[in-house]
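Trainee: Between the sequences and the hints, there should be enough to build the whole structure, so can you do that?
Each chain is listed here by its residues.
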Amino acid sequence: MSNRLRTSRVRVVAAVAGAALVAALAVVGTAGARSGASCGTVTLNEQAWAGSTANTYVAKYVLEKFLGCKVKVTQITEIPVFEAMAKGRVDAVLEDWNHVDQYKQYVQKQKSVVLVRSNGLIGHIGWFIPRYLLEQYPQFKTWKGLKGKESVFKSPESGSQGMFLGGDPSYVQKDKQLIQLLGLNFKHVTVGAEPAEVARFTQLIKQHKPVIFYWWTPQYLNAQLDLVEVKLPARFDGCADDASAGGDLAKYKCAYAADPLNKLFSRKFATSGSPAFPVLKRWKWSNDDQNLVAKWIAGDHMKPDKAAEKWVKANMAKVNVWLGK
Amino acid sequence: MTAATEYAPTAVRLEHRPWWRSRLTLSAAIVAAMVVCYLALDRDLSWPASLEWSALTRHLDDFQVWLSDQSNADHPNLIVRILNGISSGLDTLVGWLYDALTGLTWVGATALGTLVALRFGGLRAGTIMLGSFAVFGAMGLWEESMQTLSLMLAAVALSLALGMPLGVLAGRSDRFNSFVTPVLDAMQIVPAFAYLMPVVILFSVGPGAAVITTMIYAIPPAVRITALGIRGVAANTVEAAAALGSTRRQLLTKVQLPLARRMLLLSVNQTILFALSMVVIAGLIGGSGLGDAVTNGLYSNPALAVLAGAAIVVMAIALDRVTEAIANRTDPAQQHLDPTGRRWARLATLAATAGVGLAAGLGRALGAGDLYTRWTAQDWLLARVQSALDYIQDPATFLFRNVTNPIGNFLVQHMLQPLDTFLVETPWFVTFAGLVAIAFVLSGLRPALTTAAMLAVVGVVGEWQPAMDTFSQVLVATGIAVALGLALGVLAAESRAVSRVLRPVNDVLQTLPQLVYVIPFIYLFPVSFVPGLVASVLYAFPVVARLVERGVRDVAPHSVEAAAAFGATRSQVLLRVKIPLARDAIMLGINQGLIMVLAVVVIAGLVGSGALGYEVAQGLQRNEFGLGVVASLAILALGIALDRVTQGNRKRRRDV
Numbered sequence: 008m009s010n011r012l013r014t015s016r017v018r019v020v021a022a023v024a025g026a027a028l029v030a031a032l033a034v035v036g037t038a039g040a041r042s043g044a045s046c047g048t049v050t051l052n053e054q055a056w057a058g059s060t061a062n063t064y065v066a067k068y069v070l071e072k073f074l075g076c077k078v079k080v081t082q083i084t085e086i087p088v089f090e091a092m093a094k095g096r097v098d099a100v101l102e103d104w105n106h107v108d109q110y111k112q113y114v115q116k117q118k119s120v121v122l123v124r125s126n127g128l129i130g131h132i133g134w135f136i137p138r139y140l141l142e143q144y145p146q147f148k149t150w151k152g153l154k155g156k157e158s159v160f161k162s163p164e165s166g167s168q169g170m171f172l173g174g175d176p177s178y179v180q181k182d183k184q185l186i187q188l189l190g191l192n193f194k195h196v197t198v199g200a201e202p203a204e205v206a207r208f209t210q211l212i213k214q215h216k217p218v219i220f221y222w223w224t225p226q227y228l229n230a231q232l233d234l235v236e237v238k239l240p241a242r243f244d245g246c247a248d249d250a251s252a253g254g255d256l257a258k259y260k261c262a263y264a265a266d267p268l269n270k271l272f273s274r275k276f277a278t279s280g281s282p283a284f285p286v287l288k289r290w291k292w293s294n295d296d297q298n299l300v301a302k303w304i305a306g307d308h309m310k311p312d313k314a315a316e317k318w319v320k321a322n323m324a325k326v327n328v329w330l331g332k
Numbered sequence: 007m008t009a010a011t012e013y014a015p016t017a018v019r020l021e022h023r024p025w026w027r028s029r030l031t032l033s034a035a036i037v038a039a040m041v042v043c044y045l046a047l048d049r050d051l052s053w054p055a056s057l058e059w060s061a062l063t064r065h066l067d068d069f070q071v072w073l074s075d076q077s078n079a080d081h082p083n084l085i086v087r088i089l090n091g092i093s094s095g096l097d098t099l100v101g102w103l104y105d106a107l108t109g110l111t112w113v114g115a116t117a118l119g120t121l122v123a124l125r126f127g128g129l130r131a132g133t134i135m136l137g138s139f140a141v142f143g144a145m146g147l148w149e150e151s152m153q154t155l156s157l158m159l160a161a162v163a164l165s166l167a168l169g170m171p172l173g174v175l176a177g178r179s180d181r182f183n184s185f186v187t188p189v190l191d192a193m194q195i196v197p198a199f200a201y202l203m204p205v206v207i208l209f210s211v212g213p214g215a216a217v218i219t220t221m222i223y224a225i226p227p228a229v230r231i232t233a234l235g236i237r238g239v240a241a242n243t244v245e246a247a248a249a250l251g252s253t254r255r256q257l258l259t260k261v262q263l264p265l266a267r268r269m270l271l272l273s274v275n276q277t278i279l280f281a282l283s284m285v286v287i288a289g290l291i292g293g294s295g296l297g298d299a300v301t302n303g304l305y306s307n308p309a310l311a312v313l314a315g316a317a318i319v320v321m322a323i324a325l326d327r328v329t330e331a332i333a334n335r336t337d338p339a340q341q342h343l344d345p346t347g348r349r350w351a352r353l354a355t356l357a358a359t360a361g362v363g364l365a366a367g368l369g370r371a372l373g374a375g376d377l378y379t380r381w382t383a384q385d386w387l388l389a390r391v392q393s394a395l396d397y398i399q400d401p402a403t404f405l406f407r408n409v410t411n412p413i414g415n416f417l418v419q420h421m422l423q424p425l426d427t428f429l430v431e432t433p434w435f436v437t438f439a440g441l442v443a444i445a446f447v448l449s450g451l452r453p454a455l456t457t458a459a460m461l462a463v464v465g466v467v468g469e470w471q472p473a474m475d476t477f478s479q480v481l482v483a484t485g486i487a488v489a490l491g492l493a494l495g496v497l498a499a500e501s502r503a504v505s506r507v508l509r510p511v512n513d514v515l516q517t518l519p520q521l522v523y524v525i526p527f528i529y530l531f532p533v534s535f536v537p538g539l540v541a542s543v544l545y546a547f548p549v550v551a552r553l554v555e556r557g558v559r560d561v562a563p564h565s566v567e568a569a570a571a572f573g574a575t576r577s578q579v580l581l582r583v584k585i586p587l588a589r590d591a592i593m594l595g596i597n598q599g600l601i602m603v604l605a606v607v608v609i610a611g612l613v614g615s616g617a618l619g620y621e622v623a624q625g626l627q628r629n630e631f632g633l634g635v636v637a638s639l640a641i642l643a644l645g646i647a648l649d650r651v652t653q654g655n656r657k658r659r660r661d662v
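Keeping their order, the protein sequence lines are chains H and Z. When we follow my numbering, the leftmost residue of the first sequence carries the number 8, and every step to the right adds one. When we follow my numbering, the leftmost residue of the second sequence carries the number 7, and every step to the right adds one.
Derived from the structure by calculation, the hints contain no laboratory data. Treat each hint with caution, since some may be false.
Unchecked claim - Between beta-carbon pairs, the in silico distance windows are:
#1 Gly-152(H) <-> Phe-404(Z): 35 to 43 Å
#2 Asp-233(H) <-> Phe-404(Z): 34 to 42 Å
#3 Lys-79(H) <-> Thr-382(Z): 19 to 27 Å
#4 Ser-251(H) <-> Ala-562(Z): 35 to 43 Å
#5 Gln-115(H) <-> Arg-452(Z): 47 to 55 Å
#6 Asp-255(H) <-> Ala-192(Z): 51 to 59 Å
#7 Gly-166(H) <-> Phe-404(Z): 25 to 33 Å
C-beta: ideal position from N, C-alpha, C; glycine also.
Mentor: Set out below in structure tokens:
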């Protein structure tokens, strides 16, 4: 290779690098000019389920429209997001399903995350069946009626036992323990992540076949699929839901709690004096509100921003409360 | 004893073995003995609890809590601050790349990609690049694609910057090579889900953490193929250069690196593909871009997930073909530029640079916008994909009622469940002894000892039963993948047409995120293990087919000619000459097929295969770090054990 060729390459590289630098500087310059509002940038985390998308985009619309904030939406899974809030990378999570272990670690011990109880939503996990099953087996309304009839739910992988479709590994659950404690002849089949579970039971429901599965409210699909909850033993003092905590088996022998869901904020954000914080702190809506917006997004494939706008315009009274007006 | 000396005598001995002493017969006899034990002995003799180290999980959990407390303390220590610096540096780097891409406007970005490909890769490469940008725009996924592209550029560049020097080192030093190989194995087999949480604690979330996660998976091919290339330089060339008085440094820069050029470029190419297969995982910790579109689409808009998956495939194939074209065109061995040629080349470079500048300037002046947001075919495409999904999800169709559903049920009832019951319920010591014996028969003493050690690890960490569960599914998936891969590989070796069709199919199957197609498979095969099984088969068979094709095609032509001269028909040549002579490549295919199947264990666990994969996923998503690590260890140990069992007595090779 001749020296001339080499120097010409160097020149080209230098030219390209120079051009890139100029372009980068130009961009940085314009970006700096853009964010002028007092609110600055707020980072909300959207979780994978449709209800969370509804929360996030309604809050985003309100912050952008009424406070002039710039809202960034991140999509980080449930547990790592605590770490992200602790480091101030994410400002707020609007729906958290009582991750008690994380509350101990991040809220109480590290004090890096601020917990605000209740976002107005009531989360409840349970065992669900499609309503059409009750025509033939009205006794399935409670767990006692399932006893002896488990084989109705049998499937190729459960053999002679009934099949119980278990929940997403990331969700609070104690179904294996419940099945054992209640003496039911079910095989707990782990279908995997939420979309996988939805795929399994909707396929069976479309065929009008029997199916029993781990499910919860609020969930926009419930209205569409017409599901009924099977009544489990009543709750008692000290009764627990998260079987991964281990311990005495007997404490799991009860229905899942109906828990208000929580909001979480990064401590950095909560103490920053951002005008967005008090608004998000007051932010609150009901299961029905969320189901409606979630259905627009996931059921009708409406763009989340559009769905949020539609809801906000129709519910200004609620929004004004959040805004403190 | 080295692998090479072990190889030759065994191969000779094999020719004289009577059929009842052949390795296959012996293995079958061992399996038969295991079945007898299974039938005769007590059931449910699982690994004894007294041999388990049950505190391990708790120690690991404590470690994670400690790590998090350290990193979120009010006054973090020096190491934490250094790590924070690294991650924010990486964030800035990815941010710069993204800003540069958007700063050029979409016109300029397209011009940059196309003209660089055109200048260095030729017309075909340029067209491919232009086409891929057009696809991103038409899909309405421009912003996501640019985010993913900037993430990938950073991750690939850093992986190569770290991996290639390590590869050179591994290529020149046997000691370093034997030290680094197991580390690379672990980086590739341990599922990303297991180390996502520590990565997040140390490097927070965002592009920086996503780059690091991607690098963990993309560095191994860079190191391995570079080392392979350096080692592949003929020893006599190196000796000749040394005899002429070259220093070690001159040897490297003037002899070894130039001669290993093609392998170095292959390592660039493979690093790109491996990095792109991490897009979805990176999305889970703030990588944003196409990965997010896939994950979120799964919950609220599956058609969009399919579209985003397709965009990832387009990006992978475009980068693959363009780097390949650049590698071929810029090969100095094929290109002797005279002064006019050089002048032309320089002019072309200038023209390309000017073209990019002009396009960017025009884009800015005409207000083309940073991101392409104009006309897209997204809605139309989504509607098409949705109608295909609706068809797949309709249980009343012929396809479901008469094809997929019965096949799924058959697989579960007659293959997976019996095998699962057999492996899980056979007393542990029988399975243990049986597998070690098979390893001994098939591969020799050392592999058998490694197998024993690895199975012991599986038991000690307390994962014996889920591991056997996973093992049964891995066996069935590998069986199907190998059968399919063998058939297609042999066909492709015999027919150019098949080979030409197979290549893009293989590329798509290797880069399309499994999460995209695995959900539709749940609708088609609604039985828990089967969707995971299908995903594993689809991921593994292309590798088997590729290796078998290469093996059969590379059979020395004189053997084939000799057989043909004796009047052998084409099928005789194939069955009696080519396939037996390609045995090594076929064994390697089986071996690699197994490893690929193991790589899908976590995804399979997420769609109903349960066992180890589910535990790994649970480890991340329920913050049971210890459980996730322990299950990953079991997957790694199972992987190494199976690798050794099927290694055969071929010379150990490290093809990627």
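Trainee: Quick one: are Ser-251(H) and Ala-562(Z) within 35 to 43 Å, going by C-beta?
Mentor: violated, 58 Å
Trainee: For the hint 19 to 27 Å, verify it against the beta carbon of Lys-79(H) and that of Thr-382(Z).
Mentor: This hint holds: roughly 23 Å between Cβ atoms.
Trainee: Range hint 34 to 42 Å: satisfied by the CB atoms of Asp-233(H) and Phe-404(Z)?
Mentor: Taking Cβ atoms as reference, Asp-233(H) and Phe-404(Z) lie about 28 Å apart, which means the hint is violated.
Trainee: Just to be sure I understand the hint, the distance between the Cβ atoms of Gly-152(H) and Phe-404(Z) should be within 35 to 43 Å; is that true here?
Mentor: holds, 37 Å
Trainee: Mind checking the hinted window 47 to 55 Å against the Cβ distance between Gln-115(H) and Arg-452(Z)?
Mentor: holds, 52 Å
Trainee: Is the hinted range of 25 to 33 Å satisfied by the C-beta distance from Gly-166(H) to Phe-404(Z)?
Mentor: For Phe-404(Z) against Gly-166(H), whose Cβ atoms are near 28 Å apart, the range 25 to 33 Å holds.
Trainee: At the C-beta level, are Asp-255(H) and Ala-192(Z) separated by a distance inside 51 to 59 Å?
Mentor: Because 38 Å falls outside the window, the suggested range is violated.
Hints 2, 4, 6 from the list above are not met by this structure, while the remaining hints are.
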